[in-house]
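A.B. asks: Just so it is clear: in the sequence shown, position 54 is 72 by the numbering used here, and no numbers are missing.
Incorrect hints may appear among the rest.
[What the hints assert, rightly or not] DSS-like mimics (lysine-lysine), calculated; alpha carbons at most 25 Å apart, straight line: (1) K171 x K219; (2) K258 x K171; (3) K219 x K236.
[Stated by the list, open to error] Now the in silico label distances, taken between C-beta atoms and shown as ranges: (4) G142 x E47: 23 to 29 Å; (5) G93 x A271: 35 to 41 Å; (6) E270 x K236: 43 to 49 Å.
These are computed hints drawn from the structure, not numbers from a lab.
Cβ coordinates follow ideal geometry from the N, Cα and C atoms, glycine included.
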Amino acid sequence: MVDAVVLAGAPNTGRLHEVSPEPYEALIEIGGRPMLAYVLEALQASAQVGRLVVVGPPALDVVVTVTGAERVDPGPDVLANLLAGVDALGARGSSRHILVSTADIPLLTPEAVDDFLNRCWAMGDLDVYYPVVLRERSEEVFPGVERTYVRLKDGSVTGGNLFLVRADALQRSQGLLTEMISLRKHPLRMSRLLGPRVLVKAAVRTLSADDVARRIEKLLGLRGRAVFTPYPEIGVDVDKPSDLALVREVLEARALSPGRS
């Protein structure tokens, strides 16, 4: 069993504000429920997830208290939020693995969570596990989905929003780690941060997921692996109106056909 932290403090000040008046993205309505509720429900239904801590403002209590999760106030940046969640779990400085999710992946399912964790455990004892989804799989399951893809030697991939990390790893190289987290949706800028060799290999399409993992280990001292998952739900985050429209359509179809994933 692993405990989980859900990052849910993003204010609704971006493009989603055009289609929803909610003050926080986690509260945006989908099928009559806040987006955060779907994520918490999937994590709670997983056979491998224990305690749940939501990092976000008091406005989220209306969702959090109903699910039985805990809530802590957010910090000034993503890494501070992660550490706040880890502290709430009493895990700072420990070797425990913590599952980290964002609040904007409402298509997440318990099956996707369990599959990701099983793949992580099969890779051995590492500091960080990061999910990636092949473009073909993403577009097969969700035709028309708009994602940012990176061309690697392994294929065109997009990243996911569910991570497994060792608690004590979050305190190593905090400045660089914070910058890398902030650039996770900007592949070119991330490549520049990782250095010229990575940038060149990316340009000529010989860069592999293992190359990136080795470079991150050298920069941060963190042992990690990319985890290829067949569940694109992990990577469908809602950050623009077209994403919201797609997610509403998929969840409406699920409600009509409960057996459908």
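A.B. asks: Determine for every hint whether it applies to the structure shown.
C.D. replies: Hint by hint, here is what the structure shows:
| no. | hint | verdict |
| --- | --- | --- |
| 1 | K171 x K219 | holds, 9 Å |
| 2 | K258 x K171 | violated, 29 Å |
| 3 | K219 x K236 | holds, 17 Å |
| 4 | G142 x E47: 23 to 29 Å | violated, 42 Å |
| 5 | G93 x A271: 35 to 41 Å | holds, 37 Å |
| 6 | E270 x K236: 43 to 49 Å | holds, 46 Å |
Checked against the numbered hints above, the structure violates hints 2, 4; every other hint is satisfied.
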